[in-house]
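Protein chains in written order, with our numbering: chain Z, 341 to 742; chain C, 181 to 564.
Don't read these hints as lab results, they were simulated from the structure. It is possible that some hints are incorrect.
Residues from chain Z that keep clear of chain C, each with C-beta distances beyond 12 angstroms, as calculated [to be verified]:
| hint | residue |
| --- | --- |
| 1 | Leu402 |
| 2 | Pro474 |
| 3 | Pro479 |
| 4 | Gly545 |
| 5 | Gln546 |
| 6 | Asp552 |
| 7 | Asp560 |
| 8 | Val565 |
| 9 | Ser597 |
| 10 | Asn604 |
| 11 | Pro719 |
Which stretches of chain Z does chain C cover? Using the computed rule of at least three CB atoms under 8 angstroms from a CB of chain C, they are [stated by the list, open to error]:
| hint | region |
| --- | --- |
| 12 | 445–451 |
| 13 | 632–639 |
| 14 | 648–662 |
| 15 | 688–697 |
By construction, the Cβ of each residue, glycine as well, lies at the ideal position given by its N, Cα and C atoms.
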Amino acid sequence: MQPGDLQPENFAAYPPLARQLAVAHLPIFRRLPLTFLASLLLQVIDYDFRFPEERRAIDAELSTLRLASPQQMDAWFAPFAKITLSPKLERLDWVAHPAEFLEEESAWLWTTQQQDAFSTAAMQYQARAQKAVPVAPLPVFRLGIAVIGQGVASWDQPLFRNLRPQGTWFSQVQPENGLAALLSLLESRASAHPVPFGHWYIDGGQASAHSDRLTCVSWDALQPVRSALLHYMQKQIQQPGMGPEQLRTNLARLQPSDLGMSPNGDPVLDRFQVKIFSEGSGTQIFSTTFAQWTAREALRRAQPLTMLVRFAPRQRQRPMNELISNADAAPQLDPAGSLVDADMGAWYNWINQQRLPGYEQSVFIAWFEGHSQALVVAPTLPRGTASSTAMDMPKLISLAIG
Amino acid sequence: MAANTMNARALAGQLSRSRRDFLRSAAGLSLGAALLGGSPFVSAESVRRRRKIIVITFGGGARDQETFAPEGQENIPHLLNELIPQSSFFTQVVNRGILGHYVATASLATGVYETLNNFSAIPPQHPTVFEYFRRDLGRPANDAWVVAPSNGFNRIGESECRHYGFGATVVLPKRLLQAATAGTQVDYEHLLHDNYETPLYTLPVEGSEFELQQMESVLKLSVADFLAHARTLASPDELSVYIAKRLMTLFAPSLLWITMHDIDIAHSGTYSLYIDGIRRTDRLCSELWQAVQSEPEYAGNTTLLILPDFGRDADQDSGGNGFQHHRTGDVASRTTWMMVMGAGAREGVVYDHPVQSIDLVPSLGAMLGFSPVQSQGKPINELL
């Protein structure tokens, strides 16, 4: 089937809001090249489970397309139209299963050396779409916080090496009650600016006590979901004929209820959490990866105003000789390795925050938990400098947020 | 589109220049374009008969900022201090193919950008370097070996092309480990992961892989000996190097290909384990070069080539997640390097003009005297 053949009944299996949206925009869909439309449908099909910011972006993009002239449509989508697809791809049920189509399409683009052309087309379109979406002023500047190094007694290697050129490095922060002060800051911002999914607390271990105004995702709380997913994957792998692509396809179809999540949970957040495990690589095994990937996805999708990510020690990767010699040893933690992971994770959190609107005013704090090192990137603080002034966490916060 | 192409070229050039500038200033190397004079590669037939070639793929995928950039040099002390001063160093090796480890390694081995399914245990679509080598030079089976990390590579030794089909024997050390420990309660799950891109999935083995029963008859190792040695090794790549050294001692193959893979643990998202993998691979390259010097069959007549199959995504590319994957096809993931040392290699020379991954096989053909007729690459002049 080609986009020009689309009919309302093709969207019968979509969730209610997604179906309504798709049918309302059928005339536009029919004019789009399949190489682009499948990506758009991937957004639309999950509309009912999207964060408010995502819905706003989808609405704005469809509105832009609705208002575009035929000449503009031709110009925007010509690069996509030049990409050729195989008949096999075109026969796939790309309306009902856009994710599977995109998986196949990606392999096809690599195989036919069209990946670069597709990436270029996608980036050009993305840049144009972002310009077209009106940027509403944020109610408050964005604030990101990374707390790293839990459980590390001492560390003599330099930290925040990637971030230091971007901000001010503080070496004399009094660590007492530091986490509580940061969580208190989150709560005050959540109270002052009660935006749905606007204030997040992600913990790579057990979450500390926190306000229920925060959207909280934690490694420990999701242990049953993780176990259920790993069990599911093991069963799938044992199925005859199962391959990696099919496994990914099956994972993509998992619903919260498939992994034992309560039907009374928030459907948007529960779906998000399932995807962290079913789409992330390493998130099921390493808590540091879980924390970094969850932050990345939350920033990309929910675009929170405030986010605190606390990294905790992940399980230790046992070397081969140890596995052979002592197979039954209890799993151990690796605080030092986790600190290295988290240091890089903090860098990625900042990069991902800087991709969002309002990045010029955004603030980022990274802190070595329980220790005196912190790094602040803020428009009011100089870059690439160091401060050895002694201060407590509230003072550091006031310097960061002005 | 044109602007983007220019941008990509400029970025690739920038990567190349930063490697070159560092090597020239820190290691005191010369710039290759300034060199004149005859080839150091003597092509007399008698020399070719004795020539040994070892290829190490520095895999799977390491970026500049963790290797040759200033902040990454602490991770590769052996490459920098021991091997590069002895090497011809190519700063810009571009991979224009599919960035999956099996398909990219297959492309390196055939000189053609292969398009096979990265996650299937299928042979390359074009003749491999091992088949050219054996057919054109009439070499026996024991003269070409591959030591590869896992099940997915078990068909890389030979293609299914007509007129070829006699390639390298492939040893899968992880497979041997799995077989040797069958029936025990040892949990090797993460070691046996076939491909870190699909970390919970292991391909079934099919084809002509080195069988366990040959461990004793060919490698002269009992299962007990094998396991005893494995107990002293920290990673699958260490096991691979152990097997490679064993092959060198027993058969002295003229063409030995070792695919490292520990670095690909990066797909799990753990930066510290990725760095550990780079440091281990750096050390193992040095150990293998030392083994070359200590083996009479190899010392003085061996050329060692070390190159990554490709890089990893840049931190700034929004389509990826930095070091974790190699999915964007950006410049950082496509632009790597190669060092060539030993017999015939000019020492301490840097070449910063672009070459391609698929140029490896024609270059090996020119060095050893076989004709890779289906390869789409070109011999690298500086290696002729």
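Quick rundown of the hints versus the structure:
1. Leu402: Correct as stated: the minimum Cβ-Cβ distance to chain C is 22 angstroms, above 12 angstroms.
2. Pro474: At roughly 21 angstroms from the nearest Cβ of chain C, Z:Pro474 sits farther out than 12 angstroms, so the non-interface label holds.
3. Pro479: holds (25 angstroms)
4. Gly545: Holds, since 16 angstroms exceeds 12 angstroms.
5. Gln546: Check passes; 20 angstroms lies beyond 12 angstroms.
6. Asp552: holds (29 angstroms)
7. Asp560: At roughly 18 angstroms from the nearest Cβ of chain C, Z:Asp560 sits farther out than 12 angstroms, so the non-interface label holds.
8. Val565: holds (16 angstroms)
9. Ser597: holds (22 angstroms)
10. Asn604: Non-interface label stands for Z:Asn604: nearest chain C Cβ at 30 angstroms, farther than 12 angstroms.
11. Pro719: About 20 angstroms separates Z:Pro719 from the closest Cβ of chain C, which puts it past 12 angstroms; holds.
12. 445–451: This one holds; 3 residues, not fewer than the three required, reach chain C with a Cβ under 8 angstroms.
13. 632–639: holds (count 3)
14. 648–662: That given contact holds, which follows from 5 residues of the region 648–662 of chain Z lying within Cβ reach (below 8 angstroms) of chain C.
15. 688–697: The restraint on the region 688–697 of chain Z holds, since 3 of its residues have a Cβ under 8 angstroms from chain C and three suffice.
Checked against the numbered hints above, the structure breaks none of them.
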